Amino acid sequence: AQSVTQLGSHVSVSEGALVLLRCNYSSSVPPYLFWYVQYPNQGLQLLLKYTSAATLVKGINGFEAEFKKSETSFHLTKPSAHMSDAAEYFCAVRKDNQGGKLIFGQGTELSVKP
Amino acid sequence: EPEVTQTPSHQVTQMGQEVILRCVPISNHLYFYWYRQILGQKVEFLVSFYNNEISEKSEIFDDQFSVERPDGSNFTLKIRSTKLEDSAMYFCASREGTGSVNEQFFGPGTRLTVL
Numbered sequence: 257a258q259s260v261t262q263l264g265s266h267v268s269v270s271e272g273a274l275v276l277l278r279c280n281y282s283s284s285v286p287p288y289l290f291w292y293v294q295y296p297n298q299g300l301q302l303l304l305k306y307t308s309a310a311t312l313v314k315g316i317n318g319f320e321a322e323f324k325k326s327e328t329s330f331h332l333t334k335p336s337a338h339m340s341d342a343a344e345y346f347c348a349v350r351k352d353n354q355g356g357k358l359i360f361g362q363g364t365e366l367s368v369k370p
Numbered sequence: 002e003p004e005v006t007q008t009p010s011h012q013v014t015q016m017g018q019e020v021i022l023r024c025v026p027i028s029n030h031l032y033f034y035w036y037r038q039i040l041g042q043k044v045e046f047l048v049s050f051y052n053n054e055i056s057e058k059s060e061i062f063d064d065q066f067s068v069e070r071p072d073g074s075n076f077t078l079k080i081r082s083t084k085l086e087d088s089a090m091y092f093c094a095s096r097e098g099t100g101s102v103n104e105q106f107f108g109p110g111t112r113l114t115v116l
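Chains E and A, in that order, give the protein sequences.
For the working numbering, add 256 to where a residue sits in the first sequence, where the first one is 1.
For the working numbering, add 1 to where a residue sits in the second sequence, where the first one is 1.
Keep in mind the hints are simulated off the structure, nothing from the lab.
Careful, some of the hints might be misleading.
Which stretches of chain E does chain A cover? Using the computed rule of at least three CB atoms under 8 angstroms from a CB of chain A, they are [said to hold, decoys possible]:
1. 269-281
2. 288-300
3. 334-343
No more than 25 angstroms apart at the CA atoms, straight line, and that leaves these computed lysine-lysine pairs for BS3-like [what the hints assert, rightly or not]:
4. E:324 to A:58
5. E:351 to E:369
6. A:84 to E:351
7. A:79 to A:58
From a predicted model like this one, the values you see are computed outputs, not experimental measurements.
Built from N, CA and C at the ideal position, the CB exists for glycine as well.
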């Protein structure tokens with residue numbers, strides 16, 4: 257069965273510091289992996305997706321993620337945090353069947369200190 | 002840019018009442034989904050819908066839940082007799098097709114409060 261684990265429910269960084277949000281997946285087949293962001297009182301917005309085309313995936317707002325099969329990881333990074341990055345971040349794996357439902361991790365709340 | 006819309010943004014209801022949550026997916030999308038997020042918890046899959054029928058449903062999606070695409074544009078989630086534990090944010094999502102690059106687009110959500 258596919259699953260996703262996000263290490264750390266809360267991450268706090270200073271403005272300008274590196275952002276690293278961790279995600280590990282479990283999948284018996286090559287996975288499709290996604291990072292979504294949820295700003296307060298809003299829906300889920302896609303940041304980036306891995307679909308086996310390239311292991312380093314660039315997304316919106318300066319975020320990127322690297323797929324590492326050997327580590328079953330898909331960590332999200334951003335070189336320099338901005339105050340506007342404060343939000344909840346969700347890693348998800350897509351179950352590759354007819355329905356293609358998303359299985360989400362627990363989420364990581366990112367706080368950015370001035 | 003096309004987007005998924007949901008109404009209402011907030012619904013308050015009494016326990017035991019029926020509620021209908023409405024969604025308008027992106028017009029050329031073929032797959033539709035409902036997810037929910039109980040406060041402080043992760044987003045959970047409820048149901049997927051394709052070709053006018055349910056393609057997959059979770060354990061949460063019991064007989065109290067139903068989905069419908071009544072007119073080719075709306076996609077609704079009905080809860081027949083709400084319980085306190087149904088209080089959550091409900092997200093609708095849609096996807097264009099089965100291609101590997103097709104991600105799900107989410108609506109802004111409906112916050113359901115059951116009293």
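Hint check:
no., hint, result
1, 269-281, "violated (count 0)"
2, 288-300, "holds (count 6)"
3, 334-343, "violated (count 0)"
4, E:324 to A:58, "violated, 31 angstroms"
5, E:351 to E:369, "violated, 36 angstroms"
6, A:84 to E:351, "violated, 29 angstroms"
7, A:79 to A:58, "holds, 14 angstroms"
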